[in-house]
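4 protein chains.
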Amino acid sequence: MANLKGHILPGSFFILFGLWWSVKYSIKHISRTSKKNGHVQWNFKQVEVIEGAVKVGFTLIGILAEQFVPDGPHLYLYSGQPRSWVKLMNWQHSTMYLFFLISGAADIVTYSSTLMPVGLDRFMLGIALFVEGFLFQYHTSHRPMLDQHIHSMLLMAIFAGVASSFVQVFVHDNLILDLFAVSLALLQGTWFWQIGFVLYPPWGGPEWDLNDHSNTMFITMCFCWHYALAILITAMNYFLVHCYFKNYKRSNRQIGIGLSLRKQKNAHDPLLNESDEE
Amino acid sequence: MANLKGHILPGSFFILFGLWWSVKYSIKHISRTSKKNGHVQWNFKQVEVIEGAVKVGFTLIGILAEQFVPDGPHLYLYSGQPRSWVKLMNWQHSTMYLFFLISGAADIVTYSSTLMPVGLDRFMLGIALFVEGFLFQYHTSHRPMLDQHIHSMLLMAIFAGVASSFVQVFVHDNLILDLFAVSLALLQGTWFWQIGFVLYPPWGGPEWDLNDHSNTMFITMCFCWHYALAILITAMNYFLVHCYFKNYKRSNRQIGIGLSLRKQKNAHDPLLNESDEE
Amino acid sequence: MANLKGHILPGSFFILFGLWWSVKYSIKHISRTSKKNGHVQWNFKQVEVIEGAVKVGFTLIGILAEQFVPDGPHLYLYSGQPRSWVKLMNWQHSTMYLFFLISGAADIVTYSSTLMPVGLDRFMLGIALFVEGFLFQYHTSHRPMLDQHIHSMLLMAIFAGVASSFVQVFVHDNLILDLFAVSLALLQGTWFWQIGFVLYPPWGGPEWDLNDHSNTMFITMCFCWHYALAILITAMNYFLVHCYFKNYKRSNRQIGIGLSLRKQKNAHDPLLNESDEE
Amino acid sequence: MANLKGHILPGSFFILFGLWWSVKYSIKHISRTSKKNGHVQWNFKQVEVIEGAVKVGFTLIGILAEQFVPDGPHLYLYSGQPRSWVKLMNWQHSTMYLFFLISGAADIVTYSSTLMPVGLDRFMLGIALFVEGFLFQYHTSHRPMLDQHIHSMLLMAIFAGVASSFVQVFVHDNLILDLFAVSLALLQGTWFWQIGFVLYPPWGGPEWDLNDHSNTMFITMCFCWHYALAILITAMNYFLVHCYFKNYKRSNRQIGIGLSLRKQKNAHDPLLNESDEE
Numbered sequence: 006m007a008n009l010k011g012h013i014l015p016g017s018f019f020i021l022f023g024l025w026w027s028v029k030y031s032i033k034h035i036s037r038t039s040k041k042n043g044h045v046q047w048n049f050k051q052v053e054v055i056e057g058a059v060k061v062g063f064t065l066i067g068i069l070a071e072q073f074v075p076d077g078p079h080l081y082l083y084s085g086q087p088r089s090w091v092k093l094m095n096w097q098h099s100t101m102y103l104f105f106l107i108s109g110a111a112d113i114v115t116y117s118s119t120l121m122p123v124g125l126d127r128f129m130l131g132i133a134l135f136v137e138g139f140l141f142q143y144h145t146s147h148r149p150m151l152d153q154h155i156h157s158m159l160l161m162a163i164f165a166g167v168a169s170s171f172v173q174v175f176v177h178d179n180l181i182l183d184l185f186a187v188s189l190a191l192l193q194g195t196w197f198w199q200i201g202f203v204l205y206p207p208w209g210g211p212e213w214d215l216n217d218h219s220n221t222m223f224i225t226m227c228f229c230w231h232y233a234l235a236i237l238i239t240a241m242n243y244f245l246v247h248c249y250f251k252n253y254k255r256s257n258r259q260i261g262i263g264l265s266l267r268k269q270k271n272a273h274d275p276l277l278n279e280s281d282e283e
Numbered sequence: 006m007a008n009l010k011g012h013i014l015p016g017s018f019f020i021l022f023g024l025w026w027s028v029k030y031s032i033k034h035i036s037r038t039s040k041k042n043g044h045v046q047w048n049f050k051q052v053e054v055i056e057g058a059v060k061v062g063f064t065l066i067g068i069l070a071e072q073f074v075p076d077g078p079h080l081y082l083y084s085g086q087p088r089s090w091v092k093l094m095n096w097q098h099s100t101m102y103l104f105f106l107i108s109g110a111a112d113i114v115t116y117s118s119t120l121m122p123v124g125l126d127r128f129m130l131g132i133a134l135f136v137e138g139f140l141f142q143y144h145t146s147h148r149p150m151l152d153q154h155i156h157s158m159l160l161m162a163i164f165a166g167v168a169s170s171f172v173q174v175f176v177h178d179n180l181i182l183d184l185f186a187v188s189l190a191l192l193q194g195t196w197f198w199q200i201g202f203v204l205y206p207p208w209g210g211p212e213w214d215l216n217d218h219s220n221t222m223f224i225t226m227c228f229c230w231h232y233a234l235a236i237l238i239t240a241m242n243y244f245l246v247h248c249y250f251k252n253y254k255r256s257n258r259q260i261g262i263g264l265s266l267r268k269q270k271n272a273h274d275p276l277l278n279e280s281d282e283e
Numbered sequence: 006m007a008n009l010k011g012h013i014l015p016g017s018f019f020i021l022f023g024l025w026w027s028v029k030y031s032i033k034h035i036s037r038t039s040k041k042n043g044h045v046q047w048n049f050k051q052v053e054v055i056e057g058a059v060k061v062g063f064t065l066i067g068i069l070a071e072q073f074v075p076d077g078p079h080l081y082l083y084s085g086q087p088r089s090w091v092k093l094m095n096w097q098h099s100t101m102y103l104f105f106l107i108s109g110a111a112d113i114v115t116y117s118s119t120l121m122p123v124g125l126d127r128f129m130l131g132i133a134l135f136v137e138g139f140l141f142q143y144h145t146s147h148r149p150m151l152d153q154h155i156h157s158m159l160l161m162a163i164f165a166g167v168a169s170s171f172v173q174v175f176v177h178d179n180l181i182l183d184l185f186a187v188s189l190a191l192l193q194g195t196w197f198w199q200i201g202f203v204l205y206p207p208w209g210g211p212e213w214d215l216n217d218h219s220n221t222m223f224i225t226m227c228f229c230w231h232y233a234l235a236i237l238i239t240a241m242n243y244f245l246v247h248c249y250f251k252n253y254k255r256s257n258r259q260i261g262i263g264l265s266l267r268k269q270k271n272a273h274d275p276l277l278n279e280s281d282e283e
Numbered sequence: 006m007a008n009l010k011g012h013i014l015p016g017s018f019f020i021l022f023g024l025w026w027s028v029k030y031s032i033k034h035i036s037r038t039s040k041k042n043g044h045v046q047w048n049f050k051q052v053e054v055i056e057g058a059v060k061v062g063f064t065l066i067g068i069l070a071e072q073f074v075p076d077g078p079h080l081y082l083y084s085g086q087p088r089s090w091v092k093l094m095n096w097q098h099s100t101m102y103l104f105f106l107i108s109g110a111a112d113i114v115t116y117s118s119t120l121m122p123v124g125l126d127r128f129m130l131g132i133a134l135f136v137e138g139f140l141f142q143y144h145t146s147h148r149p150m151l152d153q154h155i156h157s158m159l160l161m162a163i164f165a166g167v168a169s170s171f172v173q174v175f176v177h178d179n180l181i182l183d184l185f186a187v188s189l190a191l192l193q194g195t196w197f198w199q200i201g202f203v204l205y206p207p208w209g210g211p212e213w214d215l216n217d218h219s220n221t222m223f224i225t226m227c228f229c230w231h232y233a234l235a236i237l238i239t240a241m242n243y244f245l246v247h248c249y250f251k252n253y254k255r256s257n258r259q260i261g262i263g264l265s266l267r268k269q270k271n272a273h274d275p276l277l278n279e280s281d282e283e
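Chains as they are written, first to last, in my numbering: chain A, 6 to 283; chain B, 6 to 283; chain C, 6 to 283; chain D, 6 to 283.
Incorrect hints may appear among the rest.
Where chains are identical, the list cannot tell them apart; a pair therefore holds if satisfied intra-copy or between any two copies.
Straight-line C-alpha distance at most 30 Å; calculated DSSO-like pairs for lysine-lysine [as the list claims (entries may be wrong)]: (1) Lys50 / Lys33; (2) Lys50 / Lys254; (3) Lys33 / Lys254; (4) Lys251 / Lys50; (5) Lys29 / Lys92.
By construction, these hints were calculated from the structure, which means they are not laboratory data.
Chain A on its own, in the form it takes in the complex (with noise of 0.2 Å):
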């Protein structure tokens, strides 16, 4: 997938769950704090599996095309005489896939059973980001000194993402933690497009100079003006949902956010019962 395409598909992506997980850290926290007050709680296990269920769709989807694209391997591993590896960018494209689909499986199991204990979900998604981060590394020995550099700061949101996801198996509910791990995934959305837009220009501009020092010093500037996008993002959209809270809680009126964020009516309730085993 060396296109724009390629890169526009991934980053939005991480920006789409960017966002979701915005919403749904920032309402976790503030009904988490609202509890202490003896206000009402929300059901996040289903809302949860929800989301374990559309990673393994949405993966299962990209692994599906990976292989049965036109010029993909259709499951062919190696072919020929003498014998060589069909498609080998396809097939590490179906890999990262996998584990993001495993990580989605452990979301489903750890939310819906109490088979496994609540951290689960964060190491898998950590062990995804490292695999993801990890075959990105022999990406891109051997290209211009630009496309080594702008992969080698994805990398670092890649590993930053796969370290904050590691300290949240022992830290459960840190919202300083869990609002990080929002910016990373932000960052290394917008960071996919940036990638694309330099690499694959679109709207015939000018190629930029993958050899020139200058650009190579702007593109480590613009990584972090990403960043800083990213902080004012998730800064946002933790202060509107915030202040939605607020109003609804001065109106003392019932809401209907849809998806199953119900409130909670009894001691049985499953989110309880994970609170006491953390």
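Guided by the hints, dock chains B, C and D onto chain A, whose structure is given.
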């Protein structure tokens, strides 16, 4: 042991221990969870001591084999005029075995007395894995690209094991951490096999081109597949143990797992003391 | 700002903040210890908000100065035919200031409302320091040996600051950690001065031979001396604050430190709420 | 001090301190465990203060010796026309001693007053070890392969010591961590000896070929043997102290270990205050 057998053998040991640990940690966790619900308890101290003794036995055999095979060093470190080192490879393998022997001894000391706190066994396993990785690191310089690359993957599995062991010194009884360590043992085992099959293809198969870039790319991806397999095996074993215990609870009859898993009968049981200490 | 003034200025800011923090954390810790013994309490919330506002003010001035000095970019990012980047150095400095501005804003939000938990201020300071170090890292490639070496020492001070800030997100009110952060701020400040005096010797002194190995060796050692000095200053300030409070306790009279340190009067004091949250 | 004596001397100091610490931490842990069972307590505060004073004394002698030996710098930093640095090697060693002196002073402050919390002593030891490693790192570039390699092993022992010291700042009274620090001190000591004997073989022995690959392989393995030895010595000392206390408890008679180990008599004992603070 630069041949197929020399990679199959250590690989098999790691796979065996990985499988055994996946069962052990699953039983441990499930019996711990049952405890809260007022069910039976298992005594793992004797099992751990036996495990330590088995490790000491295996490694002792390993050291003796490395020293006294026909082309071994027979405990000579240097000889000849001018003096030169005798069979450094065998000495290095003996050294690795020595540290796993110390790890086994630490298991015995930790679980057969109250001399040392729990955690020493994990610490010494971490040291043993570190020494293994440390000695491997200087093994493969000046070799072809693919040979170095495939061994660097092994180092990743080893040092991830070191990290998880050191965290386990401080964090006891964390299921995710324990199963992570299990999956890394399985990964190391199957990857030893993979190295053997790549570098010394059996059945007169075609040799791998050790300087082909696409081979390197495939091996990188293959390492991820091995880890997906390790996760699958760990999850399967955990699930099987879970089902077994569920059935057992339902029928409420005594089971004899063999070994020395015995019902916990009184408050003076060492396992209780152990949990008190933590 | 590749001149003496361009290194003296940021250095002075870090020294100023380091000195201020050494006083602030000393008072915080000593009043915390006194609390146990049933003595007076100080309210630091307003002080922290003022500190944040000062940071926002300074960095805003910094950004404007970098943009609108006579040879600055005046907010133009690229120009000319063929297009080229305008004054990337100034843009990079503006970016650094921007993140310290965000850090100042985070201070204000953290301490003036209950919107975000304590720790956000340290986290954002860590991010700001990381961005500073990240941009510096690509600053000095292709320069003479000593220039690179002296900047790599600066990076060590910066990244040690990043690490200590991130640990502070999880570990609050640890005196050793707080004073470590203080000493790193002082180190960074005095080292900025050292860089200035080495690369742009004032008073027409002899130039340093930037490729002489013994100069590199001296600079390495000199960095350690700077840190010894930073430890000394931190220890001195802590000791002076300690003595001041001891005298104060003995005479048992009210003091007016100025700023907004006020005696804690009632249970609704925000500082109490803060400690409850932790 | 590029001779045999210059490596034997610091090595001996680390071995001495390692042996002493192995006894100190063993007594500390065993008396802590006995406390729970209602037995005697020892007062370690005075011992720690004396240890700090000894460190200050030794390092002061070290600094003076490095400065005022016949071919030392006699406190001159630069001289000559054109100006050049005077005896940088001696200045570097003085700097290392200076930080161990600060560490000794921190020991005294930590244990003789309540000014600073426990943990400062470990933190400053970590800083001192870091400075030692930091200065060594730029010591051996441009030297033969084996010389660099054997010093890089030393750096591993030093930086592992830094890491364990920094963890000890947060984790007090963890026996495994304490004994790990002990074993690293012993390792550093014996490895200093090994470096001396390899680079400056005494008794007119044959010189080592510093560019022979098999020598490098042997030294790597030899480092592991040194660590096995360090583990053995640590375990032996712990076991001997354990046996001594067991006998003591059985006979229930007073012992006079000398130094200032005294029975804890009353609630105002500083050791109690210390445990309260933690």
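task = Go through the numbered hints given earlier and state which of them the structure violates, listing their numbers in rising order.
result = 5
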